[in-house]
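In the order they appear, the protein sequences are chains S and G. Taken in order, the first sequence gives residues 1 to 318; the numbers are from full-length UniProt numbering. Taken in order, the second sequence gives residues 1 to 318; the numbers are from full-length UniProt numbering.
No wet-lab data here; the hints were simulated from the structure. Be aware that one or more of the hints could be misleading.
Beta-carbon label-pair distances, calculated as ranges [said to hold, decoys possible]: (1) G:G118 to S:G127: 48 to 58 Å; (2) G:V120 to S:R272: 44 to 54 Å; (3) G:V120 to S:V27: 31 to 41 Å; (4) S:D174 to G:D245: 24 to 34 Å.
Short, incomplete list of chain S residues facing chain G, as computed with Cβ under 8 Å [to be verified]: (5) G52; (6) W64; (7) T106; (8) L111; (9) E221; (10) R222; (11) F226; (12) A264; (13) R267; (14) Q271; (15) Q275; (16) V276; (17) G307; (18) L311; (19) A317.
Here are a few chain G residues that sit away from chain S, every Cβ distance over 12 Å (derived from the structure) [as the list claims (entries may be wrong)]: (20) P20; (21) W270; (22) W316.
Given the structure is predicted, the values throughout are model-derived calculations rather than measurements. The C-beta atom is built at its ideal place from N, Cα and C for all residues, glycine as well.
There are 2 protein chains.
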Amino acid sequence: MSAAVANFDDILAAAARIAPHAHVTPVLRSGGLDAIAGCTLAFKGEHLQRTGAFKFRGACNAVWRLSDAEAARGVVTHSSGNHGAALALAARTRDMACHVVLPAGTVRAKLAAIASHGAVMHRCAPGITAREAACAEVLAATGGNLVHPYADPAVIAGQGTAALELLAAAGPLDALVVPVGGGGLAAGTALALAACAPDCRLYLAEPAGAAETRDSLARGERVTDFTPDTLCDGLRGTLGQPGFDILRAHGAEVLVVDDADTVAAMRLLWQRMKQVVEPSSAIVLAAVLGNRERFAGQRVGLVLSGGNVDLDALPWAA
Amino acid sequence: MSAAVANFDDILAAAARIAPHAHVTPVLRSGGLDAIAGCTLAFKGEHLQRTGAFKFRGACNAVWRLSDAEAARGVVTHSSGNHGAALALAARTRDMACHVVLPAGTVRAKLAAIASHGAVMHRCAPGITAREAACAEVLAATGGNLVHPYADPAVIAGQGTAALELLAAAGPLDALVVPVGGGGLAAGTALALAACAPDCRLYLAEPAGAAETRDSLARGERVTDFTPDTLCDGLRGTLGQPGFDILRAHGAEVLVVDDADTVAAMRLLWQRMKQVVEPSSAIVLAAVLGNRERFAGQRVGLVLSGGNVDLDALPWAA
């Protein structure tokens, strides 16, 4: 298990730890999209990361920070998909066992990816309670190490490395927009910005049908009792306590986005940038396009978080 | 009008001429696809070129080699889509008029692109005869300069710059696979390889439903009387005389590909590389996967020629 709280030193350590395994993904630009948005966009292409999502960063950091004795007992997690595939491949880079608890409703392409990396798969009902119960069972049976998809400090630190690379490649930014679901990427990004670019404002793009981060930050306490209703399948999780604490301290601002706007932005990214990104990624562009005045003329970073889409069930198909 | 035949010096001149306007597109790699193919693949990402296709190279070269007096009369072409959009944008870089004759059946996304770059559009019946007749009419009416989509030597020279960049970025290759339709890219590539990499074999990926390049090279004369039947909308044109002469002299080999294999390869490129490429691009990967023994263990370059797809009519949709 990791230390209780992640900090910037953990991000730097994570960057060194995952360097032999993770890709340094490119920063993508589009003059056409800049013209549409009225600002200068720098997209961090994490859909081009191994396993097709930023999640590999956190999973890889969590796997490689284990002692040999811990590693021998394997890793266990629950995931709606991308974290599961990421942990499965990360475990394989260290020849470890990996168990993934999957809630019903997981995107087929993500299931196939998890299986292809050799993980043992366990199905469960949807919802955080069922996921955690099933996970506890597997942990008890295997003695493995829990790698929580977004509350584990090693995972948060790993996700923070994406922002480090983006700042290094894109230069100064006025704003950075990341999607928020469980909050691992958002929290890691907040820690990276606080240390490296304190003047860069952090925006969290959140689906209107799962806007509990907005509600949690507004109330000053975590809202955990809600039923997500969004096609952003990667953003249905509940903001974790570490993410809540870090994002609240940082003063991150939430931009709520309707799924219809996310789908329109996804089409734009496919058509104009020729990049296959999933709805949970496209939401960041939708957040900018829905708040043009706020970003006008600025240098805006956006993390395209993943590209694992079921090509037989595209959201604009009738 | 250009000189009658393109040569390697023309390619070098084209590279310098288009440099201020065209992107140097990235070379993309995928360990996953290498494992599937059994060889090392280096994809030249021309779907990331301006207007979403390599065609911008040739069009840009043709536009910028005109004298000021010629340029004042504008340019005219016929095109099933990508060349039309490319010429429209190229003409705009020089503030010139551009007329595009479009055969019925052009992909909607390509029509929209041509319109967005400000070209005057003229519809005609499908087939090369109707296209050329309509084009002649517009030429007579405007006094403009014909920029043929694949037979113009300036276009062939421009298309050859993609292979130059690929060789520079990817290092030595054992084989290079490009799609063949009218033969502009294929001929430009042949000229570039002959000068820079004479040991690199050139393969032309051609749809089974429009395999007149194979037939033409086999017979030793151009086959022009055929009705294309392929979903590779960019490869329905007839091999031009300059392309025929250059490809025959070079000894390029044709690999014929069924549309079903092209669609499967297109899905692989979308899923594994997260790149939106059109069927006329995916055919190059299909050609390699359908001829594994021939490429086993080799360093294989592939030109992903374009990414202009109608997202509402994907070839795997029921």
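So, going through the hints one by one against the coordinates:
no.	hint	result
1	G:G118 to S:G127: 48 to 58 Å	holds (53 Å)
2	G:V120 to S:R272: 44 to 54 Å	violated (24 Å)
3	G:V120 to S:V27: 31 to 41 Å	holds (37 Å)
4	S:D174 to G:D245: 24 to 34 Å	violated (55 Å)
5	G52	holds (6 Å)
6	W64	violated (19 Å)
7	T106	violated (16 Å)
8	L111	violated (13 Å)
9	E221	violated (38 Å)
10	R222	violated (33 Å)
11	F226	violated (31 Å)
12	A264	violated (12 Å)
13	R267	holds (6 Å)
14	Q271	holds (7 Å)
15	Q275	holds (6 Å)
16	V276	holds (4 Å)
17	G307	holds (4 Å)
18	L311	holds (6 Å)
19	A317	holds (7 Å)
20	P20	holds (14 Å)
21	W270	violated (5 Å)
22	W316	violated (7 Å)
The structure does not agree with the numbered hints 2, 4, 6, 7, 8, 9, 10, 11, 12, 21, 22 stated previously, though it agrees with the rest.
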